[in-house]
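Put chain A on the given structure of chain Z with help from the hints.
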Amino acid sequence: MPEQLNPPPAETALSAVHEGGASRTRANGGASPQGDIREIVVSDPEAAGEAVAANEKAWQAALRAKARGDTEVARRVRAAGLIGYGPMDGSERDPFWNRSDVLMCSPEEKEIVHDFNWADEQRARGAFDAYAGECLAIVNKTVLGVGRDLNRMIAEAAAKAGVDENRVVIYHVEVVEL
Amino acid sequence: MPFIRLRTDNIDMGSRLIRFLDEQGREQTVPLLRLRLAISIGRGPYSAAPARVRNTAAILDTGAPLSVFPKHAWVTFANQIVRLRPAADGLPIGRAGGRQFAFFLGRTWVGCTDPFGRHLPAVPVLAQFREDDIPAGEPLPPMLLGLWGGILEGRTLTRWPTVERYDPDIPTLESFGQWWRLSDP
Chain Z
993 MPEQLNPPPA ETALSAVHEG GASRTRANGG ASPQGDIREI VVSDPEAAGE AVAANEKAWQ
1053 AALRAKARGD TEVARRVRAA GLIGYGPMDG SERDPFWNRS DVLMCSPEEK EIVHDFNWAD
1113 EQRARGAFDA YAGECLAIVN KTVLGVGRDL NRMIAEAAAK AGVDENRVVI YHVEVVEL
Chain A
11 MPFIRLRTDN IDMGSRLIRF LDEQGREQTV PLLRLRLAIS IGRGPYSAAP ARVRNTAAIL
71 DTGAPLSVFP KHAWVTFANQ IVRLRPAADG LPIGRAGGRQ FAFFLGRTWV GCTDPFGRHL
131 PAVPVLAQFR EDDIPAGEPL PPMLLGLWGG ILEGRTLTRW PTVERYDPDI PTLESFGQWW
191 RLSDP
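Chains as they are written, first to last, in our numbering: chain Z, 993 to 1170; chain A, 11 to 195.
Derived from the structure by calculation, the hints contain no laboratory data. Careful: at least some of the hints might be erroneous.
To be verified - If we take Cβ atoms under 10 angstroms as the criterion, some of the chain Z residues that face chain A in the derived model are: (1) M1096; (2) V1105; (3) F1108; (4) D1112; (5) R1115; (6) R1140; (7) D1141.
Using N, Cα and C, we set each Cβ at its ideal position, and we do this for glycine too.
Same shape as in the complex, but just chain A:
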């Protein structure tokens, strides 16, 4: 059963930490967690992915209805995208992170690897491909892998509570009380 583990990363940037005093008056910090994984674009085995379309990081976001690829990312693999025609007139508008954006709907193949060198084969992913340019000075949005029509299709996503604080083999990989795994049947 092929599987990969997902990183549960605390992506705080120092000043954005949320601190509070608990019921006993002790200062606590809220980790800002994301499920991150390295992906490759293109059908076929990882090593066969065309140039410029692999080795990028993405966020697994089960709160996102669909996968979303920002423009700065998908322009590097535009030749790997099958554009799908909208069934209705009008420019489709999406929203992420409080920002509206125009997009086209398309399908591309996405495989993924984990910090241990394991990988899952590529599967077709239906996604929104953003058409907007992010202004200079604003942070680039991440690639989001959403709940439907993407890398979760036909696979099992497992959250495993743990008392381990750090991974035994990658000691900087902190658990935050949870390990995650994505596996093929």
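In isolation and in its complexed conformation, chain Z is listed as follows:
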């Protein structure tokens, strides 16, 4: 097996999500409604599904609301069939997936991954439209610099955030060329 930086612990959030049975047990006992669509999803996921399935924008809004919420709600939505299990979700049903071989980033590096995911969500919402074609320097889900001189942006963002330069995420807001 190649170098293993940080073996995937069974108790990580990601692993917990993949443990279908255990997760559902916790979901049944520990969900806490936090308002709007998530209340409906938690209390009556089937009805919520019917309510939003006919309308694409409502569907996406519901899923984004869920994404901002906790993982218990996400599991309930999945249990309601609004989004399903899939062969690529890392579950044991994937015949090509072997949990012991997967190389995971360290917890510190996962902070960087979370910043990437946040940036992707912001771009999908249109929040980065004004930065089209430019690069962003991001730390802790905060845009600390915009431009194209990456060395300078990284140094300034690291100084602003008080972190090592290695912690700065550079995110390119790509423009489609058709």
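Below, chain A without anything else, positioned relative to chain Z:
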């Protein structure tokens, strides 16, 4: 078997959407999809990558013969590039996105991570390193990871049709009917 999943991102910027009426007269929208992944530059494990040479995004473009790094990006990891001498005289000229550019050929190490915190170890990537400066006001080109001599070497790229609309664990990650995975043997 180490693997990462690739994001299939719709990178439309609103006004660039392509809309059409299908055979039933219903309005449809064409997603402008790209395969995106986060990369790190440098040999060795992800955490050992030198400063300023990781945490950047790139496009996996199987339509590109080679990987291409624009200047604004590679100047941040110039000390990680091994320049290769051309076998013939003359300045090599490449083309991407309708623009011609001068470049030098080089090799650097590229590792990659996915939205779930998985990563694949760095491998040597032969690439074109663009020498041109993009004028102010024009969009910066992305880093392209091409078909040959790059992160696909010795690895399996899988496209997996799915009826899932969204990822179960990252609900904003839309499938567009396809999941992708890059795996080591």
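Against the structure, the hints come out as follows:
no., hint, verdict
1, M1096, "holds (5 angstroms)"
2, V1105, "holds (5 angstroms)"
3, F1108, "holds (5 angstroms)"
4, D1112, "holds (7 angstroms)"
5, R1115, "holds (8 angstroms)"
6, R1140, "holds (5 angstroms)"
7, D1141, "holds (8 angstroms)"
In this structure, every one of the numbered hints holds.
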